[in-house]
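A.B. asks: Sequence:
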Amino acid sequence: MLLVACWSCSSKKKYAETNLIYQRQVEQIAEEIKSIPTNPTVKKLPDSASLLPDPRLEGQREEAEWVGTINFNMRRPNFIILHHTAQDSVQQTFRTFTLAHTEASAHYVIGKDGKIYQMLNDYLRAWHAGSGKWQGITDLNSISLGIELDNNGKAPYPDVQIQSLCTLLDSLCTNYKIPRANIIGHGDVSPSRKIDPDINFPWRKLAERGFGLWYDEQLFQAPPTFNPMDGLLILGYDIKRPDAAILAFKRHFLPEYPLDITWTDHALAVLYNLYLKCRDR
Numbered sequence: 001m002l003l004v005a006c007w008s009c010s011s012k013k014k015y016a017e018t019n020l021i022y023q024r025q026v027e028q029i030a031e032e033i034k035s036i037p038t039n040p041t042v043k044k045l046p047d048s049a050s051l052l053p054d055p056r057l058e059g060q061r062e063e064a065e066w067v068g069t070i071n072f073n074m075r076r077p078n079f080i081i082l083h084h085t086a087q088d089s090v091q092q093t094f095r096t097f098t099l100a101h102t103e104a105s106a107h108y109v110i111g112k113d114g115k116i117y118q119m120l121n122d123y124l125r126a127w128h129a130g131s132g133k134w135q136g137i138t139d140l141n142s143i144s145l146g147i148e149l150d151n152n153g154k155a156p157y158p159d160v161q162i163q164s165l166c167t168l169l170d171s172l173c174t175n176y177k178i179p180r181a182n183i184i185g186h187g188d189v190s191p192s193r194k195i196d197p198d199i200n201f202p203w204r205k206l207a208e209r210g211f212g213l214w215y216d217e218q219l220f221q222a223p224p225t226f227n228p229m230d231g232l233l234i235l236g237y238d239i240k241r242p243d244a245a246i247l248a249f250k251r252h253f254l255p256e257y258p259l260d261i262t263w264t265d266h267a268l269a270v271l272y273n274l275y276l277k278c279r280d281r
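Mapping of the sequence shown onto my numbering: residues 1 to 281, in sequence order.
Quick caveat, the hints were computed from the structure, so don't treat them as lab data. Check the hints yourself; a few may be wrong.
Claimed, not checked - Derived DSBU-like pairs (lysine-lysine); straight-line CA-CA distance at most 30 Å:
1) Lys205 with Lys133
2) Lys115 with Lys13
3) Lys112 with Lys177
4) Lys34 with Lys154
5) Lys115 with Lys154
6) Lys112 with Lys14
What the hints assert, rightly or not - Derived CB-CB ranges, DEER-like:
7) Ser192 with His101: 51 to 61 Å
8) Asn175 with Tyr15: 40 to 50 Å
9) Pro202 with Lys177: 36 to 46 Å
10) Gln92 with Ser35: 51 to 61 Å
11) Lys205 with Ser35: 40 to 50 Å
12) Asp122 with Thr262: 22 to 32 Å
13) Arg204 with Ile143: 43 to 53 Å
14) Asn73 with Glu27: 40 to 50 Å
15) Gln218 with Asn73: 36 to 46 Å
16) Arg75 with Thr225: 14 to 24 Å
17) Lys112 with Met229: 35 to 45 Å
18) Val160 with Phe220: 33 to 43 Å
Ideal Cβ positions, reconstructed from N, Cα and C, are used throughout, including at glycine.
Hey, can you work out the whole structure from these sequences and the hints?
C.D. replies: Okay, structure coming up:
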């Protein structure tokens with residue numbers, strides 16, 4: 001018990017400086033939200049009938065009147081994106097997320113021992129998704145929460161870590177009314193760049209707890225007219241690079257075939273089943 005208490009104290013001291021920087025940045029953002037613009041402005045459009053940009057007016061503005069509404073609240077996240085840290089310890093991850101030059105962060109980190117660490121207020125925008133696309137949305141950082149699982153990308157995920165993840169997911173989905181199908185992987189939204197949480201992640205186990213999308217045990221053959229790329233698109237994948245989208249799909253739903261871009265009857269049946277679930281939502 002004494003050891004835990006000492007570690008907690010040393011941890012607070014170790015991150016005291018970055019915690020202070022966090023506090024200052026939050027206070028700055030709070031001041032911006034509270035302030036009422038004294039001279040709110042909008043960009044002027046050309047007076048002519050044409051709406052084509054007029055380079056002569058670039059940068060010109062005119063005043064707009066501020067009338068504050070009373071009907072508003074905080075924006076809430078609508079997706080949860082899961083990552084693996086690709087590092088060897090939570091301490092390495094903390095260092096990465098507390099150095100300015102890395103420009104990387106997440107809302108939560110879950111250790112191999114199941115301990116949950118929160119690094120950012122849920123309402124603030126973390127830098128975890130980067131360049132990607134899902135369901136046509138390209139700025140995923142603005143509408144998602146990022147959860148990092150302490151895993152080097154090769155090891156299995158301990159049961160205690162997955163249990164903690166499910167507990168956290170339940171809280172987040174309940175608090176923010178996030179659809180439970182909207183729990184996806186970094187590799188899903190960035191198929192050309194990322195593979196995490198990769199083939200060792202137990203998506204099926206998560207789905208059995210009610211988190212994420214999964215296919216039914218009983219599958220039916222996809223009709224001959226079914227286009228698998230349309231199926232991937234309906235699920236949410238960016239199909240601009242078809243092979244990357246196929247591999248991302250298989251890492252998530254068919255991890256036994258992670259490097260196979262061919263469509264077997266079974267793979268098509270799985271995709272068709274998921275396609276119907278998404279189409280009928």
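A.B. asks: Against each hint, give a clear statement of whether it holds in the structure.
C.D. replies: Against the structure, the hints:
Between the alpha carbons of lysine 205 and lysine 133 the distance comes to roughly 25 Å, so the proposed pair stays at or under 30 Å and holds. As the CA atoms of lysine 115 and lysine 13 are separated by approximately 19 Å, the hinted pair is consistent with the 30 Å bound. For the proposed pair lysine 112 and lysine 177, the alpha carbon gap of about 27 Å is at most 30 Å, so the pair holds. Using a Cα cut-off of 30 Å, the hinted pair lysine 34 and lysine 154 is violated, with the two alpha carbons roughly 46 Å apart.
Proposed proximity of lysine 115 and lysine 154 is supported: the alpha carbons are some 20 Å apart, at most 30 Å. With a C-alpha separation of about 21 Å, the suggested pair lysine 112 and lysine 14 falls inside the 30 Å cut-off, and the hint holds. Taking the beta carbon of each, serine 192 and histidine 101 are about 24 Å apart, not inside 51 to 61 Å as hinted. Hint check: asparagine 175 to tyrosine 15, Cβ distance near 25 Å, so the stated range 40 to 50 Å is violated.
Look at proline 202 against lysine 177: about 25 Å separates their beta carbons, and that is not inside 36 to 46 Å. For the pair glutamine 92 and serine 35, the supplied restraint of 51 to 61 Å is violated, since their beta-carbon distance comes to about 39 Å. The hint said 40 to 50 Å for the Cβ distance between lysine 205 and serine 35, and at roughly 47 Å that hint holds. A beta carbon spacing of about 41 Å between aspartate 122 and threonine 262 contradicts the range 22 to 32 Å that was offered as a hint.
With their beta carbons about 26 Å apart, arginine 204 and isoleucine 143 fall outside the hinted range of 43 to 53 Å. In this structure the supplied range 40 to 50 Å is violated for asparagine 73 paired with glutamate 27, their Cβ-Cβ distance being about 21 Å. Against the hinted window of 36 to 46 Å, the Cβ-Cβ separation of glutamine 218 and asparagine 73 comes to about 43 Å, which satisfies the hint. Judged by the Cβ atoms, the range 14 to 24 Å given for arginine 75 and threonine 225 is violated: they are separated by roughly 40 Å.
For lysine 112 and methionine 229, the hinted distance range of 35 to 45 Å is satisfied, since their beta carbons lie about 38 Å from each other. With their beta carbons about 37 Å apart, valine 160 and phenylalanine 220 fall inside the hinted range of 33 to 43 Å.
Of the numbered hints stated above, those contradicted by the structure are hints 4, 7, 8, 9, 10, 12, 13, 14 and 16, listed in ascending order.
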